[in-house]
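Chemist: Knowing the structure of chain A, use the given hints to seat chain B on it.
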Amino acid sequence: MDESKLIARILDGHTDDYGYFIERYGDSVASLVARLVPCHEDAEELVQDAFISGFNHIGSFLGHASFHTWISRIAYRCAISHLRRKRITYVEIDERTPVTDAEIDDVMADSRRAELLERAIDRLRPDEKTLLTLYYYDNMPMKDIAYITGIEPGNVATKLHRIRKKLYLIIKKDDNGERI
Amino acid sequence: MENGYNKDNALRQAVNNATEANKVKLPSNFAFTTMRRIEAERCRTARRNRIAAIVSLAAMCSGGITTLVYLCADAIISNIKTMSHDDAHFACVVPMVICLSFFAVLNTILRKRMNG
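Those protein sequence lines, which keep their order, are chains A and B. Note that our numbering has the first sequence beginning at 58, numbered continuously upward. Note that our numbering has the second sequence beginning at 94, numbered continuously upward.
With the rest of the complex left out, here is chain A (with noise of 0.2 Å):
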């Protein structure tokens, strides 16, 4: 189905239609909020939100990314505000420690690693832990990912990089039995 015909005609009126996003990416778009707001009800409250949100401004989407990403970005920023409200704190890590690269490509290429590293994972930021999904998980373009964070696309890399010196910082320092 052709969705700028579709949107087309919303704005002409046809507001049922809508709900053919709402099916097609319902789920996928929860899955990114959820990974986000553990709690699933109010996971579900922030999708219907940013689909509500969608619907609104739907005269400003303009095409220059597919509907999923520009509903995505949305419920990114319903998250990320829900998340602002609550306060919550999280891990931070001196991010100076000098690394090698290669030390950190060792321990993320080390399948054995992988549960250690599914521990790390949960205690970083949001944010991190959804640049992560958006590019392991969802193996989307990095423009796509940019578009979504609101990062500027050129920082995706750099960011993905820390994050992985993070997760790295983390296994070490939960491997000499030191408290972060």
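Simulated from the structure, these hints should not be mistaken for lab results. A few of these clues could be false.
Result set (DSSO-like, lysine-lysine): computed pairs, CA atoms no more than 30 Å apart in a straight line [unchecked claim]:
| id | chain 1 | residue 1 | chain 2 | residue 2 |
| --- | --- | --- | --- | --- |
| 1 | B | 205 | A | 200 |
| 2 | B | 174 | A | 222 |
| 3 | A | 62 | B | 118 |
| 4 | A | 62 | A | 200 |
| 5 | B | 116 | B | 100 |
| 6 | A | 200 | A | 216 |
| 7 | A | 229 | B | 118 |
| 8 | A | 216 | B | 100 |
| 9 | A | 216 | B | 116 |
| 10 | A | 229 | B | 100 |
| 11 | B | 118 | A | 143 |
| 12 | A | 143 | B | 100 |
| 13 | A | 216 | A | 143 |
| 14 | A | 216 | A | 229 |
Computed from a predicted structure; not experimentally measured.
Modeler: Then chain B, alone, in the frame of chain A:
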């Protein structure tokens, strides 16, 4: 992949596990409830706009009438007095009332047609 993190097998596996564990399946009536909320919100916005329009129109009308009365009250009263004493002047009030009634009826009919 657009950069060199293709070899991050462990990280990829960890991200997959973490994501799968948090995967959400929306209830089957999610689209329906969302559309219902959208519709309710649209109605609320329309009602709010209508109330805002009525309030601003009323404010403008009352403002205009107040200004008119404040500036030309004496002239209006003297004219009405003249009209009520003079048959020739009073005669023009009847066609004016007929005209206004005609426009009021026309307005009602057209409104019904447009909305229907």
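Chemist: Confirm or reject each hint.
Modeler: Taking the hints in turn, this is what the structure says about them:
Note on residue 205 (chain B) and residue 200 (chain A): the hinted pairing is violated, with a Cα-Cα distance of about 52 Å set against a maximum of 30 Å. Restraint check: the Cα-Cα separation between residue 174 (chain B) and residue 222 (chain A) comes to about 92 Å, which exceeds 30 Å; the hinted pair is violated. For the suggested pair residue 62 (chain A) and residue 118 (chain B), the alpha carbons sit about 28 Å apart, so the restraint of at most 30 Å is met. Restraint check: the Cα-Cα separation between residue 62 (chain A) and residue 200 (chain A) comes to about 24 Å, which is no more than 30 Å; the hinted pair holds.
Pair hint residue 116 (chain B) plus residue 100 (chain B) holds up; C-alpha atoms about 25 Å apart against a cutoff of 30 Å. Distance check on the hinted pair: residue 200 (chain A) and residue 216 (chain A) sit about 14 Å apart at the alpha-carbon level, within 30 Å; holds. For a cut-off of 30 Å, the pair hint linking residue 229 (chain A) to residue 118 (chain B) is broken: about 35 Å separates their Cα positions. Taking the CA atoms of residue 216 (chain A) and residue 100 (chain B), the gap is about 18 Å. The hint holds against a cut of 30 Å.
Restraint check for residue 216 (chain A) and residue 116 (chain B): the C-alpha separation of about 24 Å stays at or below 30 Å, so the hint holds. A C-alpha spacing of about 20 Å is found between residue 229 (chain A) and residue 100 (chain B), which places the hinted pair at or below 30 Å, so the restraint holds. Between the alpha carbons of residue 118 (chain B) and residue 143 (chain A) the distance comes to roughly 24 Å, so the proposed pair stays at or under 30 Å and holds. For the proposed pair residue 143 (chain A) and residue 100 (chain B), the alpha carbon gap of about 36 Å is over 30 Å, so the pair is violated.
For a cut-off of 30 Å, the pair hint linking residue 216 (chain A) to residue 143 (chain A) stands: about 24 Å separates their Cα positions. At most 30 Å may separate the alpha-carbon atoms for a hinted pair to count; residue 216 (chain A) and residue 229 (chain A) meet this at roughly 20 Å.
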